[in-house]
Amino acid sequence: DSGVTQTPKHLITATGQRVTLRCSPRSGDLSVYWYQQSLDQGLQFLIQYYNGEERAKGNILERFSAQQFPDLHSELNLSSLELGDSALYFCASSPSLAGARSGANVLTFGAGSRLTVL
Amino acid sequence: EDQVTQSPEALRLQEGESSSLNCSYTVSGLRGLFWYRQDPGKGPEFLFTLYSAGEEKEKERLKATLTKKESFLHITAPKPEDSATYLCAVQGRSNSNSGYALNFGKGTSLLVTP
Numbered sequence: 064d065s066g067v068t069q070t071p072k073h074l075i076t077a078t079g080q081r082v083t084l085r086c087s088p089r090s091g092d093l094s095v096y097w098y099q100q101s102l103d104q105g106l107q108f109l110i111q112y113y114n115g116e117e118r119a120k121g122n123i124l125e126r127f128s129a130q131q132f133p134d135l136h137s138e139l140n141l142s143s144l145e146l147g148d149s150a151l152y153f154c155a156s157s158p159s160l161a162g163a164r165s166g167a168n169v170l171t172f173g174a175g176s177r178l179t180v181l
Numbered sequence: 020e021d022q023v024t025q026s027p028e029a030l031r032l033q034e035g036e037s038s039s040l041n042c043s044y045t046v047s048g049l050r051g052l053f054w055y056r057q058d059p060g061k062g063p064e065f066l067f068t069l070y071s072a073g074e075e076k077e078k079e080r081l082k083a084t085l086t087k088k089e090s091f092l093h094i095t096a097p098k099p100e101d102s103a104t105y106l107c108a109v110q111g112r113s114n115s116n117s118g119y120a121l122n123f124g125k126g127t128s129l130l131v132t133p
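Residue numbers (the working numbering), protein chains in the order written: chain A, 64 to 181; chain B, 20 to 133.
Derived from the structure by calculation, the hints contain no laboratory data. Since the model is a prediction, treat every value here as computed from it, not as a measurement. Treat the hints loosely; a few may be bogus.
[Stated by the list, open to error] Pairs of lysine-lysine residues, derived as DSBU-like cross-links and limited to a Cα-Cα distance of at most 35 Å, are as follows:
1) B/Lys-125 / A/Lys-120
2) B/Lys-125 / B/Lys-78
3) A/Lys-120 / B/Lys-87
4) A/Lys-72 / B/Lys-98
5) A/Lys-72 / B/Lys-76
6) B/Lys-76 / A/Lys-120
7) B/Lys-98 / B/Lys-76
8) B/Lys-61 / B/Lys-98
9) A/Lys-120 / B/Lys-82
10) B/Lys-125 / B/Lys-82
11) B/Lys-125 / B/Lys-98
12) B/Lys-78 / B/Lys-98
13) B/Lys-78 / B/Lys-61
14) B/Lys-125 / B/Lys-88
15) B/Lys-82 / B/Lys-61
16) B/Lys-98 / B/Lys-88
17) B/Lys-88 / A/Lys-120
18) B/Lys-87 / B/Lys-76
19) A/Lys-120 / A/Lys-72
20) B/Lys-88 / B/Lys-76
21) B/Lys-98 / A/Lys-120
22) A/Lys-72 / B/Lys-125
23) B/Lys-78 / A/Lys-120
24) B/Lys-87 / A/Lys-72
25) B/Lys-87 / B/Lys-125
26) B/Lys-78 / A/Lys-72
27) B/Lys-88 / B/Lys-78
28) A/Lys-72 / B/Lys-82
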């Protein structure tokens, strides 16, 4: 157990629907990252939050959004789902903004949420 | 833009047959190069961080090395339990878009047979 908790583990839904994925970071970690993993693209960075504020954006679609709450858990909202959104979605956390040359820049990953869009 | 290329895509080894995995990278201002292990259906598990050329780190049968252009993950006398996908990632100088997010390669899928 990495200490990063993601729910649900599996989710099957239809095109056009909206889903919410939830992540609780490791105790003491302030930074949360969301990644998407598909077979052909590998792990792609979506978005990062630090202590409730958005800090960085990667290849996140406009149909996707996220937020980090005061208790530091984070949610990734995926709307108007398409078949191509089927993937594993991972949350990772780190102690800080992860720019330091120390263990603070190591990302700890959760077990992922597998989304299947039919 | 940061780029990470891993080779080979897949590798099959006999138990005890040593080999190396390659990670070539281009990054603006390397802050760290990371190796992760990922088992099927699970999240990546941290193995090593390397910060500068010439640095080496070891853990059991694994040894990671770093040059200015690439990193190698050496696997000595592997066992079947070493079978997994090994991911390489770089963290570069922060930019306005991706901050300090890790940029991952597509991984090397390693299978060690008895």
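Okay, which hints does this one fail, numbers in order? Going through the list in order, the structure violates hints 21 and 24 and respects the others.
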